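Colleague: This is what each chain is made of:
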Amino acid sequence: MDAITLTVNGAACTGSPEARKTLADFLRDDLNLTGTHLGCEHGACGACTVIVDGRAVRSCLMLAVQAAGHEVTTIEGLAIDGELGPLQQALWDSHSFQCGFCTPGFVMQATAFLGDHPDPDEQEIREALSGNICRCTGYQSIIEGVLLAAERNRAR
Amino acid sequence: MTAIAAERYTGASIKRSEDPRILTGAGRYVDDIKLPGMLHAAFVRSPLAHALVLSVDAEAARALPGVVAVLTGADLETMTVPGPDALMALLGWAGPTPEFTLLATDKVRLVGDPVAVVVAESRYVAEDGCDLVEVEYDDLPPVVTAAFALDPSSPPLFANLGDNIARPHSRTEFGDVSGTFADADRVIDFHIDVHRHQNVPMEGRGCVASYDADLGVLTVYAATQSVHVTRLAVAARLGMTPDQVRVLAGDIGGSFGLKIGASREELAVAAASRLVGRPVKWVEDRGENLTASGQAREESFDVRAAVSNDGDLLGLDVKMIIDTGSYPALGVTVPDIMQAMLPGPYKLAALGFESTAAITNKAPYVAYRGPWASETFVRERVLDLIAKDLGLDPVQIRLRNVAPRTDPPALMITGRPLVGVTSRESLERVAELVDFPAFRRRQAQARAQGRYLGIGVATFIEAAPGPRSPEGPSGPMGLESMRLRLEEDGIVALFTGQMPHGQSHQTTLAQIAADEFGVPFEQVRVVVGDSDVVPFGLTGGSRSATMTGGVALHGARQLKAKVLDFAAHLMEASAQDLLITDGHVWVRGDPASAIAVSEVAQSAASGQFGDDVDATLEVQATFDGGEGGWSGGTHCAIVEVDVETGLVKVERYVAAEDCGALINPAVVEGQIRGGVAQGIGAVLLERSAYAEDGNFQSSTFMDYLMPTACDVPRIEIDHLETVPLDADVNFRGVGEGGMIVAPPTIVNAIEDALAPFGVRIYEQHLPPARILELIAEADPRP
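Keeping their order, the protein sequence lines are chains V and Y. Per our numbering, the first sequence starts with residue 44, numbered consecutively. Per our numbering, the second sequence starts with residue 92, numbered consecutively.
Just chain V, same shape as in the assembly (with noise of 0.2 Å):
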């Protein structure tokens, strides 16, 4: 087991991961980042979806080692000076989720997307989020969350 370094939410961290671990299960199991939600292990559900330098990334697929170097963003890291960023804050004004058990992936989907997207339609917001499994929902609440953030951000 070799020593890695990562930034994970802008911290540098180290850790000694066994090559077979997940990215996911390194962060939940070796830094206590546990918003990072495994739903299916295998790519399916977008539970676990992080994002990795800038990019949305399905954290059961990749393995910690893969990690190495590069800069990781959880849902841990989007509040700001502990305030809910505002995609959070457009998704609870929107009542977009029940259990909440998938909201982290949705969370780092969208804002992976709307960094991409700042003014997505409808349709588009569906598409790019058709990779994250919501059971609780039927998702349109999650859809008008995502719209509502992105009309904020357009009158910023």
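Keep in mind the hints are simulated off the structure, nothing from the lab. Possibly wrong hints are sitting among the right ones.
[Said to hold, decoys possible] The calculated label-pair distances, taken between Cβ atoms and stated as ranges, are: (1) R533/Y / P161/V: 32 to 38 Å; (2) E212/Y / D45/V: 19 to 25 Å; (3) H160/V / G680/Y: 58 to 64 Å; (4) R195/V / D484/Y: 42 to 48 Å; (5) R262/Y / E167/V: 53 to 59 Å; (6) P161/V / D498/Y: 55 to 61 Å; (7) E167/V / D276/Y: 51 to 57 Å; (8) E167/V / D480/Y: 40 to 46 Å; (9) P156/Y / D162/V: 32 to 38 Å.
[What the hints assert, rightly or not] Some chain V residues close to chain Y (C-beta under 8 Å, calculated; not the full set): (10) Q141; (11) R178; (12) C179.
All figures in this text were calculated on a predicted structure; none of them were measured in a lab. Backbone N, C-alpha and C define an ideal beta-carbon position, used for all residues, glycine too.
Add chain Y to chain V, keeping to what the hints say.
Modeller: Relative to the frame of chain V, chain Y by itself:
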């Protein structure tokens, strides 16, 4: 003091107090629990549906560095107490009761049946250990269909039963069944199948069990719909008294009926923790969840309908066979409620109902969001099939058959009064919201262009809680308890046995209590998830809106009276002259007299008054459901079927729903949309599939297809709140309705779309391949 709050929280879409933690990754789910010295469990599972277990060799696994223990079925048997499934015992099930062990000993009964548990320093090592456990099996003939299970030649799964009948055949008649059928203009026969599908919460099952040998106490961190049912289950199977078991639960990632009591795996983990004296965590992976956690809804129905030439549904005679899978769970109780609910809101004169439950080598039949929902599927399908035969409009045939709202109320032929039912209004509302004539014109134009649009409606009612029965000592769902206390910091604390897993109780119950007591919403704390401090309770069955909402209202009222009685001493005023608003007690007409409720609570705690003054600002409240009532509604879908690919697109979906008074409209709408999404998934995508040899074929999300944001349309919701029955509590349950009524709504629309091909649909699962088969098999009529 601040201005007196004129507006009420109840009825407003108050933002959820759960969300700040959920949106920041600060929710605490069971997999987030980390205890000192914690070990991890993984299960060795059967690859065969039905086989004798000849031997289990765990030596190599035990020798693996990092493995702390490997427990086989035989090991577990010496450490635990045999007994029935906890939920079945709680329900008072007295029918056939299979005898089985927590981990397989003599035989395995489904693919995924747990055979051994490996406990290790990490989950990775635990799974490595599983690979090293060698199990020798001897194949038995798999019992994969209910038909084979009911054949006396099928090998019994459970030796003590001697056959594969989970519930013996029974028949009940309501009204004059033979006379009704003899006098009917027409008698129509159908066979209708509902396929197996399942809950699939995004968080699977899991627990952390931690045994303290010094105290003799087992603490279980659980994902459960009831910490108390889990506590009873763990205590019973581990041979402990309930007070030696404490169950804690935090955030729960969905359940939809799956997580009730304690599964065999959770009980094995609890026993393992007691054995090794260290905390043990088990969180199932998705493969385990899909394969072995439980499935639902595999039923078949032979239906005879007695019909008049005008379209009156006079009687039904239904023979149901339910495939309850292997180990005992809720399935055997489903026929009772299915029978009671089959008439729905309609004025049937007669119902014959018979049922048999079969045991098969498949996952157990668990509760899934409206477990009895197939009664609605059958009834609403039958109405459309009759309407097509008679050339009637789907709304008209339903309006024709809905029982009128009368005083005294009409009775369902199975007995319960249809008091306050608004099926007629919901049908009429749907017909207002959706322009049927315009749709029919558009449908005709589309067909001329080779495009196939269809419209479907379906109606349901749900006993959530159900009407008060005149002779009953309490309401339809028994009693709900809540403890309420005014804390010294002014917080009104509600202790409830509800165990929210997405339902937003920490918001909705606080809304009700804040209004009733007179404090800001933020000043109410809803305490859940600790069997040592919350009263008995269970989240499920669309229970909480009425029952827990009701006890929150009445409990807050009682607590307020108690606080005012005490404050009367403190403020030297008559309690009748005191008010509580915005967290302050004040003398009517004298705002300057206001003191904060925290001050009142601190005075009570200080003991400055003698024993003659009751200074305990706490009440134990119960609520029996009041006058109760029905929830229900009518849904309408417009779909387009691509007859080349078989793909179905839901173009529009409208729900007219009545759940009485809304506590929080956004929460209600989330429940409805979520249920509808599951119903759409059930029809178009989801199926728990077994091969002929009993191998499970949908153990990943590549095979078990879940609806995504591209599959679920916008769902338009219209609320009816037409008939208050109770003086105070008219909130009704809404959690299950969407999942109950969406499947027939979608199937009815698909059949309508395929009408030019003469397609008639007698099943619920309609993936593209099946749509193409139906078209190919159909016999177009002129």
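Colleague: Answer holds if the nearest beta-carbon of chain Y is closer than 8 Å to that of C179/V; otherwise answer violated.
Modeller: 5 Å, holds
Colleague: Using the Cβ atoms, figure out if P161/V sits within 55 to 61 Å of D498/Y.
Modeller: 59 Å, holds
Colleague: Quick check on a hinted range of 19 to 25 Å for E212/Y and D45/V, using CB atoms only.
Modeller: 21 Å, holds
Colleague: When the nearest CB of chain Y is found for R178/V, is that gap smaller than 8 Å?
Modeller: 5 Å, holds
Colleague: Taking the Cβ atom of R533/Y and the Cβ atom of P161/V, is their distance within the range 32 to 38 Å?
Modeller: Distance hint for R533/Y, P161/V holds at roughly 36 Å.
Colleague: With 51 to 57 Å as the target window, see if E167/V and D276/Y comply at their CB atoms.
Modeller: 55 Å, holds
Colleague: Does the hinted range 58 to 64 Å hold for H160/V and G680/Y at CB?
Modeller: Holds, since H160/V and G680/Y (Cβ atoms, about 59 Å apart) stay within the stated range.
Colleague: Hey, does the Q141/V contact hint survive, CB to chain Y under 8 Å?
Modeller: The hint holds - Q141/V has a Cβ within 8 Å of chain Y, the shortest such distance being about 4 Å.
Colleague: Quick check on a hinted range of 53 to 59 Å for R262/Y and E167/V, using CB atoms only.
Modeller: Because 56 Å falls inside the window, the suggested range holds.
Colleague: Starting from the range 42 to 48 Å, see whether the pair R195/V and D484/Y falls in it by beta-carbon distance.
Modeller: 45 Å, holds
Colleague: Can you let me know if the beta-carbon spacing of P156/Y and D162/V is within 32 to 38 Å?
Modeller: 56 Å, violated
Colleague: Does the Cβ pair E167/V, D480/Y satisfy 40 to 46 Å?
Modeller: This hint holds: roughly 45 Å between Cβ atoms.
Checked against the numbered hints listed earlier, the structure breaks hint 9 alone; every other hint is satisfied.
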